[in-house]
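Chemist: What follows is each chain in one-letter form.
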Amino acid sequence: MSRARPILFASAFLVAAVATRIGWEGYQRLAGHEVTMSVVGIDPFELEHSHNSPLVFEDLFPPDTICPTPVGNKDRVLIFGGHWLSILPVRGAGALGDADEGHRWQGVDAWASGMDAKSTGRLAVMGTASCRPWANGIAIRTQIGIDQFHATEAEAIVIRAALRRVYGPPKTQAVLSIGLDGRARLLGLIVNGQRIDLRGWPRR
Amino acid sequence: MVDQGIEDSARAQGWLGEAVPVLFLVASVLLGLAIAASIASCWMGASDLLSFGLSVGVFAATAGAAAWASKHQKPFVSDILLALASLSFAAMLGHMSQAFDVAEDRSGFFLALATGVFLIAVSGSSIITTISWLIIFIISIFSLKNDNLWLNKFTYMLPLLIFYMINIFNKIKNNLKFNYLDIKIDMKKTILITCDNFLCFYIIFFVSVNLGVIGTDGVNPPDDFVSYICSLIFMSITLYVGLARFSERDSNEHQLSAAIVFGWLGSLSLACLLLISIQPLDLVGTLTLGGVWIAEASILFYIAFKTRHTIGLCIAIAAFVSVFCAGLVGLGLAWSGVVAGLLIACLLLLGVGLVILRRNKIMSVPL
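As given, the protein sequences belong to chains H and A, one line each in that order. The first sequence begins at 1 in my numbering and counts up one residue at a time. The second sequence begins at 1001 in my numbering and counts up one residue at a time.
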């Protein structure tokens, strides 16, 4: 029995689905709200070799802060159970003493649904957050569906140069677009004060 | 006496001929990987839209060729082209996720890929693509994050899985056999062996996780109760499948026992592949693991050759090819080098297949 027609329909459907997804992502990227969040873990070695680097959304806070809910196992606690976070701009110096970093966003509450998260009037993003004690305070780690990024050869060179520019631990932030659907999309990085836009389509 | 000798020889050649579809299939997989690698190599130079158009074009061409082959009653050619189309789809999706920065989550990529390959498999009734789908589906489950979204994501695939299983059981019930180049491949055995491989693979993964070798977050072993329960269920199913196969009465018992050996050794090969890809090893570690891998594949090949077991041979060749591909990537070659290596291996396999086909024709000429 000939399966020509189902094969052609399935292929056309897949191509259409992929094209639609690209269009949708582009729209969400353009229409989203731009925020910056602290990140760690950019690996220059990985960038050089595979052009991929891990990205961990972690913000360090000074000693006088404590984890919001001291429950959970081991040394990490989940802030709350939900899969939506409402985020707010956090002002002031981080634990690394980078006063110029000043304006960055951080998850403050977790909610079970997007509706709940948005009802607070704050910006809502899909993800979870956990808190752990750190030598000089606490570290809040946010998981918003981005755990790595890909850079082109040219972008990788710029990022590596920016990482090398300052002696000591680099101050890195991610520039994100929080779409109307609540998903975070990576637009670029701010490495030691230098903004580097990553390839994406369409560009802002 | 002479006639008997010729007959034996012809039978032996005939068995070797059964390996031809396997060789062609592996060659097509290598060609697909070469296509993906060559698209990847163009990414840096070409514009996003151009390279995306190229990957869509390759996918459309392979799928169109598969449809043409299906229309002209060439099921084996259609099946191989569908396998190639699946790989082209993977390349297209991979390109989309990088160039357009869409699938930022790895598990999302594999779920999308699994859904696409499932559609291709169902549309073409292709057993090879179905096996590919099973592989990708299992990988997508492994790549899920260790949080409560695990079940949400699994239930996303559940309707597809149920639909597919009903289809498979229906085919097994009707004892449907697939016919490739006059070779009858038993659907039931193929599915059982494939499932067994992946279930064993799952157990190896589970044990590794619990020994702390691999943590799903890269640091800690998971403390998810659901994963333990699922592992127990998978272990029970594996035992059941193994027992069912032992109790199966077949005219050729040693083939069945060989199939179990293939299952376990094949799974070990896949586990090695996983370990290599997850944990970056030093040179000594890579060489040791590669050596074990090659030794294992050689044992598989020997057993398959001795027992004249086509599926075993398929796993052995796949193991050789995977160690070859891992070596190509591990050597840190440029993309062009990887493409050249894959194409050479592809041509080599095609050449061997054609030689066997030619010899088969000569041997089957009545003297």
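Possibly wrong hints are sitting among the right ones.
If the Cβ cut is set under 8 Å, some of the chain A residues that face chain H in the computed set are [stated by the list, open to error]:
1) Lys-1071
2) Phe-1076
3) Val-1077
4) Ser-1336
5) Gly-1337
Per label pair, the in silico range of CB-to-CB distance [stated by the list, open to error]:
6) Ala-161(H) / Gly-1337(A): 42 to 48 Å
7) Val-1355(A) / Glu-46(H): 51 to 57 Å
8) Arg-164(H) / Gly-1053(A): 33 to 39 Å
9) Val-56(H) / Gln-1073(A): 53 to 59 Å
Bear in mind the hints are in silico, worked out from the structure with no lab data behind them. Where a beta carbon is used, it is the ideal one built from N, C-alpha and C, also for glycine.
Chemist: Any hints this thing doesn't respect? Which numbers, in order?
Modeler: Result: hints 2, 3, 4, 5, 6, 7 break, sorted rising.
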